[in-house]
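**Student:** As you go down the protein sequences, you meet chains A and B in turn.
Last residue of the first sequence: 203 (our numbering), numbering continuous.
Last residue of the second sequence: 1286 (our numbering), numbering continuous.
Because the hints were derived from the structure by calculation, they are not lab data.
Even glycine gets a Cβ: it sits at the ideal position worked out from N, Cα and C.
Be a bit skeptical, because a hint or two may be false.
[Stated by the list, open to error] Pair by pair, the computed Cβ-Cβ distance ranges are:
#	chain 1	residue 1	chain 2	residue 2	range
1	A	Ile102	B	Ala1213	51 to 59 Å
2	B	Ala1021	A	Ile70	46 to 54 Å
3	A	Gly185	B	Gln1258	32 to 40 Å
4	B	Pro1280	A	Val163	55 to 63 Å
5	A	Gln6	B	Thr1058	43 to 51 Å
6	B	Arg1279	A	Val163	41 to 49 Å
7	B	Gln1258	A	Val41	36 to 44 Å
8	B	Val1278	A	Ile30	35 to 43 Å
9	A	Lys149	B	Tyr1215	50 to 58 Å
10	B	Thr1058	A	Lys149	54 to 62 Å
11	A	Thr107	B	Lys1053	22 to 30 Å
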Amino acid sequence: MNTHLQASWNNSEFVYEVVKALTLMGVVLIVNYYAVRYATVNASLPVADLFLSNIDRVDTSWLDYTGAMILQYIVILIALVRPKYLLFFLYSASLLILTRCIFINLTYLGIPPEAIPTQSFFTQGGDLFFSGHTALPFLAALIYWEIRKLRYFFLLATILFGVEVILGHHHYTIDVVAAPFITYGVYVFATKFFASQYAMIQR
Amino acid sequence: MYRLTQFINAQMLWVTLGITAIFVSFLSEMAALTAVVVFGQAHFFISYFYTHKGGKMTPKYLKKFFTTFFLVFACALYVFTHPQYFNLWIYITMMAFVVHYFFDEYKLQATEAVVSKYIAVSGLLVLYGYVFGVKLFDAQLSMPVLVSFFSISVAAVIVWYLRQRSPRSFLLQTVIFFLLHISFLLVASISSEINEYHISALIVLHHYIRWYAYYYDIFSKHDHVGLERYIDVILLFHLFVFVLYYQYTLNPSAGFVQFLFNPVFFYAWTLVHIYMSVRPSDYRLL
Chain A
1 MNTHLQASWN NSEFVYEVVK ALTLMGVVLI VNYYAVRYAT VNASLPVADL
51 FLSNIDRVDT SWLDYTGAMI LQYIVILIAL VRPKYLLFFL YSASLLILTR
101 CIFINLTYLG IPPEAIPTQS FFTQGGDLFF SGHTALPFLA ALIYWEIRKL
151 RYFFLLATIL FGVEVILGHH HYTIDVVAAP FITYGVYVFA TKFFASQYAM
201 IQR
Chain B
1001 MYRLTQFINA QMLWVTLGIT AIFVSFLSEM AALTAVVVFG QAHFFISYFY
1051 THKGGKMTPK YLKKFFTTFF LVFACALYVF THPQYFNLWI YITMMAFVVH
1101 YFFDEYKLQA TEAVVSKYIA VSGLLVLYGY VFGVKLFDAQ LSMPVLVSFF
1151 SISVAAVIVW YLRQRSPRSF LLQTVIFFLL HISFLLVASI SSEINEYHIS
1201 ALIVLHHYIR WYAYYYDIFS KHDHVGLERY IDVILLFHLF VFVLYYQYTL
1251 NPSAGFVQFL FNPVFFYAWT LVHIYMSVRP SDYRLL
């Protein structure tokens, strides 16, 4: 990629790079679909959990699905108005999802008791460690860290979704607690691996 | 040299039409529709990309685009919720496409014709309209009507040919091209194996190929650096659409991809593209 690429919707070269990044994201989402399905099919027995064993399930299905979709649309809107973050966001999010695809198939945790898994293109219930609902908003917070309002918004979203998935018994506690640490590691790796795209944010 | 160029151009025209016809003949109905939809979306994305690259995506263009988009998609949503009108929706789109296809062919073949352009296209439109109508609405094929429309379309082509100011030998390629279409429609109307999806796949896929070949020709003659970039753009956008389509097949009823690939919405995108790509100079009467 041209390291001096101007991040502007008026620049056709930038649009071309965005399409490239979206294509990669599309491929990663297809890999995620199969990884999630495999993890769900191979899910074993539930395990005990400090919070899940002591808190009754709360129906958070609306927030889990619709809330996540709303957050997704907000992210898209932000990307449209602040394009210089877009390429790095797409590439690092793709890397995060791919990392998660590997993690969910390393150990086949059983679906938590009383859980009613959200069934969608992105998740089928058996994809547990680590929580994508917690990881992706936290990644957004890291990327938009310089913009304080967005930083706090996404940190709040991270906490909200983290609490929601535990209350709804969609995830074990460790899935949520580990997510920010893994996400931070992926973020740091992405700043090196996608240096050109990261440099666009710094300009 | 000009005659040689015209001869080569004519060969490419007939060869691409022939290759497309052979390819389509091996496709099932669903495969034909899928090919049209998938390659069609790539075609639309590429056309908008080059419109943007050419600096033509002005506020005026965007205003026109979004107005058209909302009007057409309002109709599409109505058809989506009232499936009994789906065949009519296909019919309207394909009639608009037939006009678009042949007027674009005039440009691609660098044919000068003015008023009589409409005569030839009208003749072909009448025949296409009848054959599509029979296939889409399961109407009874009437041989007298078919022969009448066949005669009208052949007569229209002859009238168009006789009215040309350009040396007529250069127009033979276009005449033969029209006659190939008329012959195909005759066969298609009689054959029960060829349905409306095959007919639309032939002209739609041929249309895409012609445009890609046209710009490949321009770039290869004048801009080799641009040619490499052009090929990259074609490949990337097709890959992008294939990936999105694969996602659609995994979950057809959810997500925004259904607004790209569900046939009802695809035909809406087609109508928007046809309207947005109209070149007023190609349609002038004088």
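**Student:** Which numbered hints turn out to be false for this structure?
**Tutor:** The structure conflicts with hints 1, 5, 6, 7, 9, 10, 11, although it agrees with all the remaining ones.
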